[in-house]
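Novice: Model the full structure from these sequences, guided by the hints.
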Amino acid sequence: MRTPEMWIDQGAGWTNVTAHDGETCALAAFGIEWGTDDPLEAPDPSVMTATLVDRTGRLAANPRTLAGMRVMIRLPHALTWGDIGAAAGQWQAQRYEWRSAHRRLPRKDPADPFTGAGLTLFRGRLNTGGTITRKGDTWRISLKATSDLALLKRVTTQGPTDPKQPGYHWTGGRTAVMREITRRLAALGLPLKTQPDTPPAGDTAPYGTDSYPQLLTVITDTIGVDTDLLMYRLYESFDDDRDGEHTIIVAVNGVARIGISADGRIEHVCDSSLLTVDQATLQIPEPVTQVKINGRKATWDDDKKTVSYDDHEANINAAGTLPANLTANEKSASLDTNSILADESSGHWTGTPADTDAMKANAIAWIANRTLRAAPAGISASSAFIDPDTDPTIFKPEPATWAFTANLFSPLISDDGRPALNGPWLAIGGTIEYDGRRLTSTPTFTPLRTPGDPPAWQDIPDAPLTWQQVKATWAEFEQITR
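In this note's numbering, the protein residues as written are 1 to 482.
Simulated from the structure, these hints should not be mistaken for laboratory data.
As the structure is a computational prediction, the values presented were derived from the model and not from experiment.
Just so you know, not all the hints are guaranteed correct.
[What the hints assert, rightly or not] Once the Cα atoms are required to be at most 30 Å apart in a straight line, the calculated BS3-like pairs of lysine-lysine come out as:
#1 Lys153 / Lys396
#2 Lys360 / Lys292
#3 Lys193 / Lys144
#4 Lys331 / Lys360
#5 Lys144 / Lys396
#6 Lys164 / Lys153
#7 Lys164 / Lys305
#8 Lys153 / Lys193
#9 Lys193 / Lys396
#10 Lys153 / Lys292
#11 Lys331 / Lys292
#12 Lys164 / Lys304
[What the hints assert, rightly or not] Restraint-style ranges between C-beta atoms, simulated for each label pair:
#13 Asn315 / Ser142: 44 to 50 Å
#14 Phe385 / Arg140: 25 to 31 Å
#15 Pro63 / Asp37: 29 to 35 Å
#16 Ser346 / Pro323: 40 to 46 Å
#17 Arg257 / Ala93: 50 to 56 Å
Even for Gly, the Cβ is constructed at its ideal location relative to N, Cα and C.
Specialist: Next comes the structure, spelled out in structure tokens:
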């Protein structure tokens, strides 16, 4: 595997401080915690801890220059023929194998301008603190950084106002608020690149002018839960081949399809023989029987002759759709939102309130999916077995859809004929670690739903496949929806 690099920016542009032997520092190890471990909670900014080996003591002698410095962790792309050049010499003179050429051949001069070519794993700013330790004839510098998403916690500027809604800001409903959020994200260098195919439904309530919510809070309140009970979350993402960082909005309880290609490959499946399973564990979820949505309602203030917004709680119970043994102890999942769930304004409010039928249907489907599926735990992917160039999504600190076939849990088939890990799963968080030799990605998963009923044989188009090409059991084949 290619060696990860640390780039720093002290105000004059990006500089690679860990390029190769002879550089100022070496990157001994790092760990990145990203996302969230609960789909009910919005992701926090990613946190990166790293250990640098400072050969010269230059950075160790100037710790004050580290605080607040911009930092980036990247995995450079594998070398191409165009990267090699004459410096490699004649092939006859080389004494290494093809598989190690990317580590042995001369790399790009670290003093050259930053090109952006590579897989970016983290970008943010170094925090204060850390340690400097003497080890042999080098210095070990322990660092901690927070991703650029933290910028959204520092912005508390009030939102747009409307003379028709005195006493409020961030007015205009969900569409207008999202337009302003998009503008502010772009101004912060975190442009919103990907939005849901189906925008969040319904409108949102404004904030009182005596409040100064963080921009991240406004975003979470606006997209966190819509009136159809689809839960959206904001994540950071990176352009692989450019110096680009952006944000994406992902539905963490949506619908995903799993298809099969003409050569027998099943979408979103990583070869189970290449994954590491820690202690062969499945996580049994705590049963949830109802969803409590803490939202807002529109009312009419007759004294002030204006619409006002109060707290409103909606409860959706799914006990009738779950096995009786799971409903003995009632357990609620609480969701907070700025969505307007009820209209009691006597016709003065002109927005779009909740679609209660769609909300109820989605709530019941989500509860059943969450409660009846045991989740994978401790599943890791290592660059020792999986090439980040071939499967970069596995090592990115951002949501990705996974599916599992032909694994050690395949023999566990429920009474309805479905294997334990059947269906799509969304990585909503996790850790990415480097120990000096390899990258390891350990995601946290939440279940996604598949559309409609499982396909029948006549629903599957003709394909020139043999059973030997399909790495799935009969039961696992049921999760294929296209």
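Novice: Look at each hint and say if it fits the structure.
Specialist: Consistency of the hints with the structure:
The hinted pair formed by lysine 153 and lysine 396 meets the criterion: a straight-line CA distance of about 23 Å does not exceed 30 Å. Between the alpha carbons of lysine 360 and lysine 292 the distance comes to roughly 11 Å, so the proposed pair stays at or under 30 Å and holds. Taking the CA atoms of lysine 193 and lysine 144, the gap is near 27 Å; set against the 30 Å cutoff, the hint holds. With a C-alpha separation of about 17 Å, the suggested pair lysine 331 and lysine 360 falls inside the 30 Å cut-off, and the hint holds.
About 19 Å separates the Cα atoms of lysine 144 and lysine 396, which keeps this hinted pair within 30 Å; it holds. A hinted pair counts as satisfied when its Cα atoms are at most 30 Å apart, and lysine 164 with lysine 153 qualifies at roughly 29 Å. Proposed proximity of lysine 164 and lysine 305 is supported: the alpha carbons are some 10 Å apart, at most 30 Å. Restraint check for lysine 153 and lysine 193: the C-alpha separation of about 20 Å stays at or below 30 Å, so the hint holds.
Distance check on the hinted pair: lysine 193 and lysine 396 sit about 16 Å apart at the alpha-carbon level, within 30 Å; holds. Note on lysine 153 and lysine 292: the hinted pairing holds, with a Cα-Cα distance of about 26 Å set against a maximum of 30 Å. With a CA separation close to 10 Å, the supplied pair lysine 331 and lysine 292 stays within the 30 Å bound. Restraint check: the Cα-Cα separation between lysine 164 and lysine 304 comes to about 12 Å, which is no more than 30 Å; the hinted pair holds.
At roughly 48 Å, the beta carbons of asparagine 315 and serine 142 sit within the given window of 44 to 50 Å. At roughly 29 Å, the beta carbons of phenylalanine 385 and arginine 140 sit within the given window of 25 to 31 Å. At roughly 33 Å, the beta-carbon separation of proline 63 and aspartate 37 lies within the given 29 to 35 Å, and the hint holds. For the hinted restraint 40 to 46 Å between serine 346 and proline 323, the CB-CB distance of approximately 43 Å keeps it satisfied.
Between arginine 257 and alanine 93 the C-beta distance comes to about 52 Å, which sits within the given range of 50 to 56 Å.
Every hint from the earlier list agrees with this structure, and none is contradicted.
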